[in-house]
Amino acid sequence: MSFSVTAPSTRQKWIAGILVIGYALITLLPLIWIVATGFKSSPDAIAYPPKIVFDPTVEGYVNLFTTQTRLIDGNAEAVEDLPWYEKLVRERGNTIVGPSRFSERFFNSVIIGFGSTFFAIVLGTAAAYAFSRFKVPLKDDLLFFILSTRMMPPIAVAIPIFLMFRNLGLNDTHAGMILLYTAVNLSLSVWLINGFIDEIPIEYEEAALIDGYTRFQAFYKVVLPQAATGIASTAIFCLIFAWNEYAFAVLLTSGTAQTAPPFIPTIIGVGGQDWPAVAAGATLFLLPVMVFTILLRKHLLRGITFGAVRK
Amino acid sequence: MSDPSENRAGAISPKPSTSRFRGISDRALAWTFVAPTIVILLAINIFPLIWTIYLSFTNYRVNRPNRDVDFIGLRNYERILSDSDIWITMQATAHFLIWTIVLQVLIGFTLAYLINKKFKGNDLWTTIIVLPMMLSPAVVGNFWTFLYQPQIGLFNYVVGFLTGADPSSFSMIGEVALAPWAIVIVDTWMWTPFVMLICLAGLRSIPDSIYEAAECDRASKWRQFWTITIPMVLPFLMLAVLFRGIENFKMFDLVVQLTGGGPGSTTELTSINLKREAFEKWRTGYASAYAIILFVTVFGLASIYVKALNKVKER
Amino acid sequence: MKSKFLNSVATAGLVSGVAVFGSTSAQAEDLTLCWAAWDPANALVELSKDFEEQSGHNMSFEFVPWPNFADRMLNELNSGGKLCDLMIGDSQWIGGSAESGHYIKLNDFFEKEGITMDDFIPATVTGYSEWPKGSPNYWALPAFGDVVGWTYRKDWFERPELMAEFKEKYGRDLAVPNTLEELKDIAEFFQDREIDGKKVYGASIYTERGSEGITMGVTNALYNYGFQYGDPDSPYDLEGFVNSEGAIKGLEFYKELYDCCTPPGSSDWYMSENIDAYKSGQVAMQMNFAFIWPGVEVDPNVGGGKSGYFPNPAGPGGHFAQLGGQGISVVAYSDKQDAALEYIKWFAQPEVQQKWWKAGGYSALSAVVEDPGFASSQPYAQTFLDSMAIVKDFWAEPAYASLLLAMQSRVHNYVVAGQGTAKEALDGLVEDWNEVFEDEGKK
Numbered sequence: 001m002s003f004s005v006t007a008p009s010t011r012q013k014w015i016a017g018i019l020v021i022g023y024a025l026i027t028l029l030p031l032i033w034i035v036a037t038g039f040k041s042s043p044d045a046i047a048y049p050p051k052i053v054f055d056p057t058v059e060g061y062v063n064l065f066t067t068q069t070r071l072i073d074g075n076a077e078a079v080e081d082l083p084w085y086e087k088l089v090r091e092r093g094n095t096i097v098g099p100s101r102f103s104e105r106f107f108n109s110v111i112i113g114f115g116s117t118f119f120a121i122v123l124g125t126a127a128a129y130a131f132s133r134f135k136v137p138l139k140d141d142l143l144f145f146i147l148s149t150r151m152m153p154p155i156a157v158a159i160p161i162f163l164m165f166r167n168l169g170l171n172d173t174h175a176g177m178i179l180l181y182t183a184v185n186l187s188l189s190v191w192l193i194n195g196f197i198d199e200i201p202i203e204y205e206e207a208a209l210i211d212g213y214t215r216f217q218a219f220y221k222v223v224l225p226q227a228a229t230g231i232a233s234t235a236i237f238c239l240i241f242a243w244n245e246y247a248f249a250v251l252l253t254s255g256t257a258q259t260a261p262p263f264i265p266t267i268i269g270v271g272g273q274d275w276p277a278v279a280a281g282a283t284l285f286l287l288p289v290m291v292f293t294i295l296l297r298k299h300l301l302r303g304i305t306f307g308a309v310r311k
Numbered sequence: 001m002s003d004p005s006e007n008r009a010g011a012i013s014p015k016p017s018t019s020r021f022r023g024i025s026d027r028a029l030a031w032t033f034v035a036p037t038i039v040i041l042l043a044i045n046i047f048p049l050i051w052t053i054y055l056s057f058t059n060y061r062v063n064r065p066n067r068d069v070d071f072i073g074l075r076n077y078e079r080i081l082s083d084s085d086i087w088i089t090m091q092a093t094a095h096f097l098i099w100t101i102v103l104q105v106l107i108g109f110t111l112a113y114l115i116n117k118k119f120k121g122n123d124l125w126t127t128i129i130v131l132p133m134m135l136s137p138a139v140v141g142n143f144w145t146f147l148y149q150p151q152i153g154l155f156n157y158v159v160g161f162l163t164g165a166d167p168s169s170f171s172m173i174g175e176v177a178l179a180p181w182a183i184v185i186v187d188t189w190m191w192t193p194f195v196m197l198i199c200l201a202g203l204r205s206i207p208d209s210i211y212e213a214a215e216c217d218r219a220s221k222w223r224q225f226w227t228i229t230i231p232m233v234l235p236f237l238m239l240a241v242l243f244r245g246i247e248n249f250k251m252f253d254l255v256v257q258l259t260g261g262g263p264g265s266t267t268e269l270t271s272i273n274l275k276r277e278a279f280e281k282w283r284t285g286y287a288s289a290y291a292i293i294l295f296v297t298v299f300g301l302a303s304i305y306v307k308a309l310n311k312v313k314e315r
Numbered sequence: 001m002k003s004k005f006l007n008s009v010a011t012a013g014l015v016s017g018v019a020v021f022g023s024t025s026a027q028a029e030d031l032t033l034c035w036a037a038w039d040p041a042n043a044l045v046e047l048s049k050d051f052e053e054q055s056g057h058n059m060s061f062e063f064v065p066w067p068n069f070a071d072r073m074l075n076e077l078n079s080g081g082k083l084c085d086l087m088i089g090d091s092q093w094i095g096g097s098a099e100s101g102h103y104i105k106l107n108d109f110f111e112k113e114g115i116t117m118d119d120f121i122p123a124t125v126t127g128y129s130e131w132p133k134g135s136p137n138y139w140a141l142p143a144f145g146d147v148v149g150w151t152y153r154k155d156w157f158e159r160p161e162l163m164a165e166f167k168e169k170y171g172r173d174l175a176v177p178n179t180l181e182e183l184k185d186i187a188e189f190f191q192d193r194e195i196d197g198k199k200v201y202g203a204s205i206y207t208e209r210g211s212e213g214i215t216m217g218v219t220n221a222l223y224n225y226g227f228q229y230g231d232p233d234s235p236y237d238l239e240g241f242v243n244s245e246g247a248i249k250g251l252e253f254y255k256e257l258y259d260c261c262t263p264p265g266s267s268d269w270y271m272s273e274n275i276d277a278y279k280s281g282q283v284a285m286q287m288n289f290a291f292i293w294p295g296v297e298v299d300p301n302v303g304g305g306k307s308g309y310f311p312n313p314a315g316p317g318g319h320f321a322q323l324g325g326q327g328i329s330v331v332a333y334s335d336k337q338d339a340a341l342e343y344i345k346w347f348a349q350p351e352v353q354q355k356w357w358k359a360g361g362y363s364a365l366s367a368v369v370e371d372p373g374f375a376s377s378q379p380y381a382q383t384f385l386d387s388m389a390i391v392k393d394f395w396a397e398p399a400y401a402s403l404l405l406a407m408q409s410r411v412h413n414y415v416v417a418g419q420g421t422a423k424e425a426l427d428g429l430v431e432d433w434n435e436v437f438e439d440e441g442k443k
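As you go down the protein sequences, you meet chains S, F and Y in turn.
Take the first sequence: its position 91, counting from 1, is numbered 91 in my numbering, and each next residue is one higher.
Take the second sequence: its position 138, counting from 1, is numbered 138 in my numbering, and each next residue is one higher.
Take the third sequence: its position 98, counting from 1, is numbered 98 in my numbering, and each next residue is one higher.
By construction, these hints were calculated from the structure, which means they are not laboratory data.
Don't take each hint at face value.
[As the list claims (entries may be wrong)] In silico contact screen, one side only, chain Y against chain F (beta carbon under 8 angstroms); selected entries: (1) ASP71; (2) ASN78; (3) SER100; (4) ARG209; (5) ASP268; (6) PRO398; (7) ALA401; (8) SER402; (9) LEU405; (10) SER409; (11) HIS412; (12) ASN413; (13) ALA417; (14) GLN419; (15) ALA422.
[What the hints assert, rightly or not] Keeping only pairs whose Cα atoms sit at most 27 angstroms apart, straight-line, the calculated DSS-like set for lysine-lysine is: (16) F:LYS313 to S:LYS139; (17) Y:LYS355 to Y:LYS345; (18) F:LYS117 to S:LYS298; (19) S:LYS13 to F:LYS313.
These numbers come from a predicted model, not from an experiment.
Yeah, the Cβ is synthetic: ideal placement off N, Cα and C, and Gly gets one too.
Assemble the whole structure, with the sequences as input and the hints as a guide.
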């Protein structure tokens with residue numbers, strides 16, 4: 001029984017490793033199931049017992065991107081001339097009548113996500129720099145106020161926002177959603193970037209100022225490059241928030257500016273809920289976030305705790 | 001949560017510096033930098049809040065534009081606080097809040113403790129474990145209704161496989177006894193990694209030298225755990241609980257997609273209830289009062305909690 | 001038909017006369033029609049291609065799945081949105097949409113174009129177009145007649161061994177039920193039975209919590225056991241009508257049916273879940289709106305004569321069925337009201353209505369359904385006619401959403417969650433509804 005405190009024994013490592021990997025695999029199971037269901041045919045998706053081995057098909061993806069209706073006899077054309085996706089759909093007795101709304105919704109998510117992130121970062125960086133380097137009256141109160149805006153339940157905030165947007169004609173517009181998400185994300189970006197800038201020794205700037213830089217030049221040429229990594233990871237956090245947001249989106253958008261999260265659960269096929277199509281949509285939608293999470297590994301903790309915990 | 005910049009923040013600005021006159025003054029620059037943020041936050045956060053407070057004293061309804069708006073004093077507040085249905089949703093919220101926190105703290109801490117053993121590849125597995133919490137709760141919640149389906153759902157099948165029970169004999173989101181647990185399970189699946197990450201940061205902040213000293217004193221492992229590990233991690237753990245508490249008090253997207261508040265009103269959390277009042281019944285004045293009550297509750301509980309947290313940190 | 005157009009009626013005031021200006025050439029507009037995402041909507045897309053050709057206008061469609069339909073569209077109307085020019089809105093919205101000015105009033109338009117409501121099935125006119133009910137103020141043109149009815153597995157009902165067993169057990173033939181009690185017997189008979197090596201269940205019924213599902217289901221039992229929305233002489237007096245002895249029995253019946261004879265896990269089911277259960281061969285009978293019948297008829301598993309249809313069976317207190325269906329209205333916030341009215345005019349033509357029925361849409365035009373060939377044109381046509389003769393609808397008050405939400409919660413709590421008694425549920429409902437009407441100043 002002699003092992004160093006700082007380095008756990010090999011046996012301990014083995015046990016810990018097996019337990020953690022076991023948990024990770026269980027955690028992954030629903031995600032794997034989403035991806036797998038996207039490649040199942042409709043009957044396979046609702047098979048009992050659930051099918052683990054199945055013939056992969058892209059039917060779900062075709063359904064996701066198209067609107068279909070039941071094929072009525074009379075409009076049967078020469079089957080050989082049809083494109084492969086129409087053939088696939090015909091096998092289920094349906095025919096494609098047009099594209100679905102999915103790509104539009106996905107594109108909305110991209111515009112609103114990136115747009116709001118851009119503004120939240122530009123404004124947030126400026127404000128954070130000022131908070132970090134200048135005497136701002138009531139600085140602590142202001143910072144706390146900025147943070148506290150994140151504590152309100154979105155549904156509660158949505159009531160006046162809904163009225164305000166209605167009066168300004170911002171309901172269901174990209175501009176309205178970008179403005180709203182910018183406001184929500186600002187609290188995160190100011191806090192996080194404030195922390196990152198605080199960590200940059202002030203001496204660099206002082207040296208630059210003595211060298212004849214203006215304050216703005218010092219900010220632009222000295223501070224920004226140093227804080228770049230931190231700002232980039234903050235941007236990804238803002239993007240993920242806007243990307244995943246549901247409550248505001250479901251209440252404030254409908255036909256024009258609706259993003260993907262309120263849309264995906266409403267994907268239905270001919271007849272009932274089309275699970276392969278829902279799974280396909282979910283896969284495409286979740287994929288970017290998974291990639292970002294891996295990129296973010298180092299800054300993850302700081303981002304999700306508003307900079308309260310710095311690793 | 002310490003802020004080392006406190007001292008140096010003011011260090012430079014009062015110092016007269018010839019250079020700053022070449023550009024715009026520091027003061028002007030500071031205001032140019034802060035103003036847009038303040039303006040946006042005033043417009044999107046403060047102004048609406050004041051409006052909500054005003055509306056909460058009226059009988060205004062968005063869907064009845066032709067009706068006169070009357071000022072009705074505190075009547076909305078009286079009605080909410082005397083409404084027994086609201087207390088049912090509060091209970092549902094409390095059940096959800098307490099159990100998600102208990103489970104996430106237990107599992108999250110255990111995982112962090114194990115990962116801190118620094119086995120080979122622990123970074124990779126940590127990243128994998130973290131994935132669920134970065135995903136869209138609405139999309140995830142929707143897909144879990146599929147996993148929870150009796151007969152065809154993966155969850156029922158796995159439980160059936162492990163326990164020998166008939167998978168179609170129970171319905172996680174359809175039965176009154178199970179539905180509150182169905183939402184707890186999904187939230188725990190999603191957010192345990194959050195607690196785990198914070199605990200991991202706590203564990204890694206403990207210097208090895210403390211354990212080495214304890215070892216010299218021949219303190220047992222068990223004793224070390226309770227006298228060193230737990231107290232040192234506690235502030236981190238409490239912070240995790242604060243964040244999860246606030247988040248789950250606001251909970252809407254995941255649960256609304258999972259159960260929609262059913263069966264009956266078993267899983268109708270306050271946010272879902274508020275949404276029905278505000279955007280389905282369109283009782284705007286009443287719902288505004290409801291929203292204000294929720295604000296006050298969150299801020300009240302959170303500030304009491306933060307005081308407690310600060311005491312623990314000072315110890 | 002392009003010569004005369006209506007000026008924007010809404011801005012001129014809802015009740016005021018229609019200003020007509022002579023315009024000789026129509027501008028090609030992009031019209032958006034909003035409806036629920038379901039089979040009839042896809043059929044309407046096909047049908048509308050004729051309109052596009054004739055008028056030169058372009059049609060776009062915004063279809064929202066049923067569970068979100070009311071939420072999304074009422075949100076759209078209440079926010080004064082311009083997304084929809086034409087709205088095929090649910091029948092219960094008519095009161096609120098008329099009083100809040102979401103829809104434009106169509107009386108003058110009908111008069112000018114020679115469209116008369118006498119040409120439509122009376123129940124649909126009352127249900128989809130009128131507000132206040134019973135007055136000749138029209139806010140929509142009946143677009144899609146719909147009613148709750150039942151679909152059953154004719155092939156199972158005709159199996160000799162099952163027929164014999166049923167006769168022995170219940171002393172009557174296994175056939176379409178005449179009363180709700182008989183329906184329950186049949187459902188009980190099929191529950192947990194093994195058919196073709198698969199376990200099947202009695203019936204799938206509406207139990208959905210989130211929107212309107214369970215209300216649209218339970219009313220079919222309530223009405224027929226004696227439930228009334230209020231005193232016929234004084235419509236907002238609820239006590240003793242909503243919670244009458246009969247109403248309590250009706251609610252208890254629905255719970256018994258849910259407990260004894262539905263598939264496990266069917267605690268939150270509405271139209272699409274019931275379809276799925278029926279098509280996958282899980283249930284002997286399903287409650288559903290008539291819109292599904294064309295789809296059932298052509299289904300590879302249950303279509304082609306394997307299925308039969310019957311109207312909601314009678315009960316001790318009467319014989320009714322829950323009305324569904326929608327009228328088509330012009331949204332007051334639209335900038336393209338003239339073109340939208342043009343669409344309605346096109347849609348109201350008898351030939352178009354005839355085509356609509358053929359494409360799977362339930363026309364509400366009397367000329368279509370009274371055609372001698374109609375009843376035999378489809379296996380479900382007669383059932384549709386019989387059902388439309390006994391319809392009753394939920395409140396269409398401006399406060400309908402509050403009334404509906406109260407009912408959803410009270411009924412779901414009792415039927416699915418098993419909390420309290422039927423009497424407590426209905427007494428509670430009276431309380432909730434009274435509160436709503438007090439708020440509305442109707443009491």
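Consistency of the hints with the structure:
1. Checking Y:ASP71 against chain F by beta carbon gives a least distance of about 7 angstroms; that is within 8 angstroms, so the hint holds.
2. At its closest, the beta carbon of Y:ASN78 sits 5 angstroms from a beta carbon of chain F; the interface hint therefore holds under the 8 angstroms criterion.
3. The closest approach between the C-beta of Y:SER100 and any C-beta of chain F is roughly 6 angstroms, which is under the 8 angstroms cut-off, so the hint is satisfied.
4. At about 4 angstroms, the closest approach between the beta carbon of Y:ARG209 and any beta carbon in chain F falls short of 8 angstroms, and the interface hint on this residue holds.
5. Given hint, Y:ASP268 at the interface with chain F, holds; its Cβ is 6 angstroms from that chain's nearest Cβ, closer than 8 angstroms.
6. Restraint check, Y:PRO398 versus chain F: the minimum CB separation of about 7 angstroms is within 8 angstroms; hint holds.
7. Of the supplied interface hints, the one on Y:ALA401 holds, with its beta-carbon coming within about 6 angstroms of a beta-carbon of chain F, less than 8 angstroms.
8. Given hint, Y:SER402 at the interface with chain F, holds; its Cβ is 4 angstroms from that chain's nearest Cβ, closer than 8 angstroms.
9. Here the hint on Y:LEU405 is kept, as its CB sits about 6 angstroms from the closest CB of chain F, short of 8 angstroms.
10. For Y:SER409, the shortest C-beta to C-beta distance to chain F is roughly 6 angstroms, which falls under 8 angstroms, so the interface hint holds.
11. Proximity of Y:HIS412 to chain F holds as hinted, the smallest CB-CB distance being about 5 angstroms (cut-off 8 angstroms).
12. Restraint check, Y:ASN413 versus chain F: the minimum CB separation of about 4 angstroms is within 8 angstroms; hint holds.
13. With 8 angstroms as the threshold, the beta carbon of Y:ALA417 comes within range of chain F, its nearest partner Cβ sitting at about 3 angstroms, so the hint holds.
14. With a least beta-carbon distance of about 6 angstroms to chain F, the hint placing Y:GLN419 at the interface is held under the 8 angstroms criterion.
15. At its closest, the beta carbon of Y:ALA422 sits 14 angstroms from a beta carbon of chain F; the interface hint therefore is violated under the 8 angstroms criterion.
16. Pair hint F:LYS313 plus S:LYS139 holds up; C-alpha atoms about 23 angstroms apart against a cutoff of 27 angstroms.
17. Of the pairs offered as hints, the one joining Y:LYS355 and Y:LYS345 holds, with about 15 angstroms between alpha carbons and a cut-off of 27 angstroms not exceeded.
18. Annotation: proposed proximity of F:LYS117 to S:LYS298 holds, straight-line Cα distance about 19 angstroms (limit 27 angstroms).
19. For the suggested pair S:LYS13 and F:LYS313, the alpha carbons sit about 31 angstroms apart, so the restraint of at most 27 angstroms is broken.
Checked against the numbered hints above, the structure breaks hints 15, 19 and satisfies the rest.
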